[in-house]
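Chemist: One letter stands for each residue in the lines below.
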Amino acid sequence: MAPLEATLPKSRKSVSMAAIFERFGLAIFLGVLLVAAALLSPTFLRPANLVNVLTIAAPLGMVVVGQAFVIMVRGLDLSVASLMATVAVLATAFKATSNDAIPVIFLAAIVISALVGFVNGWLVAKRNVSPFLATLAMMIILQGVRFAYTGGAPISTLPPGMSFLASGRIWGIPVNLTTLAVMAVVLSIVLHRSRLGRKIFMVGSNPKAAFLNGIAPDRVTIACYVICSVCAGIGGLFLLGYVGTVSNWVGQGYELDSIVAAVMGGVALSGGRGTILGALLGVAVLVVINNLVLLLGFPIEMQLIIKGIIIVGAAAFYRTRLV
Amino acid sequence: MSALLMDLRRNRLMMSYLIVGGLILLILVAGGVLSDRFLTWRNVTNVLQQLIVLGLVSLGQTFVVLMGGIDLAIGSLVSAVTVFLANFLDWRPDLVWLAVPLALAAAAAVGAVNGILTVVLRVHPLIVTLGMSSVIFGGTLMYRKEPGGSIPRALEDIAYRNVGGIPVSAIVLVVVFAIAGLWLQRTRAGRNIYFVGGDAEAARLNGLAVGRITVMAYALSGLCAGIAGLFLTARTGVGDPRIGAALTLQSITPVVVGGTILAGGRGGVFGTFLGVLLVTMLNSLLNFVGVSSYYQWIIQGVIIIVAVGFHTVRRT
Numbered sequence: 006m007a008p009l010e011a012t013l014p015k016s017r018k019s020v021s022m023a024a025i026f027e028r029f030g031l032a033i034f035l036g037v038l039l040v041a042a043a044l045l046s047p048t049f050l051r052p053a054n055l056v057n058v059l060t061i062a063a064p065l066g067m068v069v070v071g072q073a074f075v076i077m078v079r080g081l082d083l084s085v086a087s088l089m090a091t092v093a094v095l096a097t098a099f100k101a102t103s104n105d106a107i108p109v110i111f112l113a114a115i116v117i118s119a120l121v122g123f124v125n126g127w128l129v130a131k132r133n134v135s136p137f138l139a140t141l142a143m144m145i146i147l148q149g150v151r152f153a154y155t156g157g158a159p160i161s162t163l164p165p166g167m168s169f170l171a172s173g174r175i176w177g178i179p180v181n182l183t184t185l186a187v188m189a190v191v192l193s194i195v196l197h198r199s200r201l202g203r204k205i206f207m208v209g210s211n212p213k214a215a216f217l218n219g220i221a222p223d224r225v226t227i228a229c230y231v232i233c234s235v236c237a238g239i240g241g242l243f244l245l246g247y248v249g250t251v252s253n254w255v256g257q258g259y260e261l262d263s264i265v266a267a268v269m270g271g272v273a274l275s276g277g278r279g280t281i282l283g284a285l286l287g288v289a290v291l292v293v294i295n296n297l298v299l300l301l302g303f304p305i306e307m308q309l310i311i312k313g314i315i316i317v318g319a320a321a322f323y324r325t326r327l328v
Numbered sequence: 007m008s009a010l011l012m013d014l015r016r017n018r019l020m021m022s023y024l025i026v027g028g029l030i031l032l033i034l035v036a037g038g039v040l041s042d043r044f045l046t047w048r049n050v051t052n053v054l055q056q057l058i059v060l061g062l063v064s065l066g067q068t069f070v071v072l073m074g075g076i077d078l079a080i081g082s083l084v085s086a087v088t089v090f091l092a093n094f095l096d097w098r099p100d101l102v103w104l105a106v107p108l109a110l111a112a113a114a115a116v117g118a119v120n121g122i123l124t125v126v127l128r129v130h131p132l133i134v135t136l137g138m139s140s141v142i143f144g145g146t147l148m149y150r151k152e153p154g155g156s157i158p159r160a161l162e163d164i165a166y167r168n169v170g171g172i173p174v175s176a177i178v179l180v181v182v183f184a185i186a187g188l189w190l191q192r193t194r195a196g197r198n199i200y201f202v203g204g205d206a207e208a209a210r211l212n213g214l215a216v217g218r219i220t221v222m223a224y225a226l227s228g229l230c231a232g233i234a235g236l237f238l239t240a241r242t243g244v245g246d247p248r249i250g251a252a253l254t255l256q257s258i259t260p261v262v263v264g265g266t267i268l269a270g271g272r273g274g275v276f277g278t279f280l281g282v283l284l285v286t287m288l289n290s291l292l293n294f295v296g297v298s299s300y301y302q303w304i305i306q307g308v309i310i311i312v313a314v315g316f317h318t319v320r321r322t
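So the sequence lines, in the order shown, correspond to chains L and V. FYI, in the working numbering the residues of the first sequence are 6 to 328. FYI, in the working numbering the residues of the second sequence are 7 to 322.
The set of hints was computed from the structure by calculation and includes no laboratory data. Bear in mind the structure is a predicted one, so any value in this text is a computation, not a measurement. Careful, some of the hints might be misleading.
Here are some, though not all, of the chain L residues that point toward chain V, as calculated from beta-carbon distances under 7 Å [what the hints assert, rightly or not]:
#	residue
1	Val134
2	Ile146
3	Val180
4	Leu182
5	Leu274
6	Glu306
7	Val317
Stretch-level coverage of chain V by chain L, calculated; a stretch enters the list once three of its residues show a Cβ under 8 Å from a Cβ in chain L [as the list claims (entries may be wrong)]:
#	region
8	128–140
9	304–314
Just so you have them, the derived chain L footprint on chain V, three or more residues with Cβ under 8 Å [what the hints assert, rightly or not]:
#	region
10	143–154
11	234–243
We treat Cβ as the ideally placed atom computed from N, Cα and C, and that holds for glycine.
Based on the provided sequences and hints, a complete structural model is requested.
Modeler: Now the structure itself:
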């Protein structure tokens, strides 16, 4: 049971500066970043901008909480962005003009996503294909299926209510943030309180030990890929609500962003470490940085450069910190 | 015992060579049956001309994969080279002799930085090269957003010139692959790549400079991407910040199809060459038959999974 204990929070006896930094480093960084953003750009704290930032953050957050599960079992899902766009295209396939179709669209999206996640997980767990290649191939295949269906042209027959997913409010609270919060809480409980969560940590930190402890690593891995894909599928629908029309490239870049955010949030690529809250903090940092790049008048391409540096830097930071 | 292992390794590779070779023959036959123009000399030269770019990036990827890494910065690097060349030569077409070596040296240097970062930071190459790819792409886009620039006629010539009816680029590719193959098999430096890929820890304990070999493999990959960028610029005549984007993934397919194992240490450039032939000819055939590129994507994905699934099963 050693690997399990290693991943659980230590008792409160020993509190060192290093430990505090390790636990709250990202939160502190986010705080500093927010203060800096407020000082550097007068626009940053305007409600319109903050709402904008949060609206962009919500779909990414949904993808990241899923991506975290896959990374937790030493995997990686490069197909999330392609899946998001495919789900978005699927949503138009109903050619629905009334809101009655929205539940059906959601159901269909979840079923298709789960299927995609299952195939990814099956290839990785049962066929021993590297997660990188399996999800890469899935990415290309989904892309081909999508383009073959649309013929390359964007479509936009969507139920009018889809935009509610991006801008709607219930009791003044944005629907997308509520949904993200619900997903995050549920997945946190799954990860940190459920039997499956314990198995995920064990498989992630040491698959052989997990196997010897009577866990079927294959099933746990497949479950993680299914969770990841379903999260991405839901994120795809919310992103669709935000952009309104379906382009074949909706969500492009989310595979890199989701990995960057999760890694920055302390989800270790070597598996078995991380929290959902940390991953969401990673999202917040990434989105604020992206927003700041634009507010300060830098070209948008600067985001790519910063993202690239962040992902390498964060991976290096946590490697030296935690290993 | 080790001789037996060696034999098994050879047999396994032989198997994939035979299979890929058989598939190539199948495509030739199918092409001849399905279209009366597929086997014409004109189409053959066309296919031969197309080999160079994919061939070079896959060769670079092979070095890195054999050494146990992966290079996801290839596509961005190719794009960056085309943009640099087209911009530079638009400004001073007379300085070709300076621009080309400069571009190749810079590409190799970027590759070396990838290697150095993986060695020094000990971060997974996937992350390092993904990050590098993002940085290069962002930088290239800041420089030029749309395709543009120009190159002198003399440079365009290298993409289209034929000698005795055979495209020069194809001859270059075969020579480069032959040299790479000999270098990997016959020289100490080349074999070290296999050692590091097979077991980096054992290689280190045997006194190999693992770090230096790693950096060398990535630098070679960068150099190959640079030369690919050169040929791509010669063919299109402009610099395009997005032209290489798809090449990153495409560079991996021939490597795994050719029997090189992603975990490192096993495989070789001959398999990659066959893989490049197979992929290029398959695309050509599918174009002839009128299959849209969308379905070609699906086929590419399936090929990766089948090839990798096949090799993994054989490994265990």
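Chemist: Identify every previously stated hint that the structure contradicts and give their numbers, smallest first.
Modeler: 3, 4, 11
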